[in-house]
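Q: Numbering (my numbering), first residue to last: 6 to 159.
Simulated pairs of lysine-lysine, BS3-like, Cα-Cα distance not exceeding 25 Å:
(1) Lys122 with Lys110
(2) Lys120 with Lys105
(3) Lys110 with Lys120
(4) Lys130 with Lys120
(5) Lys151 with Lys139
Restraint ranges, calculated between C-beta atoms of paired labels, are given here:
(6) Asn31 with Gly52: 25 to 33 Å
(7) Gln66 with Arg33: 46 to 54 Å
(8) Tyr132 with Glu95: 48 to 56 Å
(9) Asp56 with Glu20: 47 to 55 Å
(10) Ile63 with Asn31: 46 to 54 Å
(11) Val82 with Glu115: 46 to 54 Å
(12) Gln66 with Glu101: 51 to 59 Å
(13) Arg108 with Tyr132: 30 to 38 Å
(14) Ile28 with Gln48: 27 to 35 Å
Hint data in this document are derived by calculation from the structure and do not stem from the laboratory.
Heads up, the beta-carbon is just placed ideally off N, CA and C, and yes, glycines get one too.
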Amino acid sequence: MDNNRHLDLDSIIEEVRRQYEQIAQNSRAEAEAWYQSRYEELQSTAGRHGDNLRNTKIEIQELSRNVQRLRTEIENVKKQNHHLQSAIAEAEERGEMALKDARRKLEELECALSKDKEELARLLKEYQELLNTKIALDVEIAMYRKLLEGEENR
6 MDNNRHLDLD
16 SIIEEVRRQY
26 EQIAQNSRAE
36 AEAWYQSRYE
46 ELQSTAGRHG
56 DNLRNTKIEI
66 QELSRNVQRL
76 RTEIENVKKQ
86 NHHLQSAIAE
96 AEERGEMALK
106 DARRKLEELE
116 CALSKDKEEL
126 ARLLKEYQEL
136 LNTKIALDVE
146 IAMYRKLLEG
156 EENR
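Let the hints inform the model, and build the full structure from the sequences given.
A: Now the structure itself:
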């Protein structure tokens, strides 16, 4: 029985060893499958992150170019604005000068008109006086003519 018992124990030990080896092999296969799955998942995630990183770098480069282009555009618009403001200031200055000149000329013309009106009034008065004198002389001449004709008729 000792032998039987020893055989049974050997077979039991052998059976237990096979079961543990099977469990260990299953655990190892499971661990490898999990590791492989996790590795592939991390590879996929790393690939996505790499793609995202490349896309982000490309986007940053495009945005940097746009920012540079916009800065250049802003600088050009500022220069153009400065030139336009200078032109406006010059135009306003020329306008002020032209307005002052026009006012001066208007004042001169008004002064000349006033003098001409005074001269015209003086000339009209003188003409009226001459006309009155002429009429008086014409009346006097007519009167002398009548007197002469009356003397001749006598």
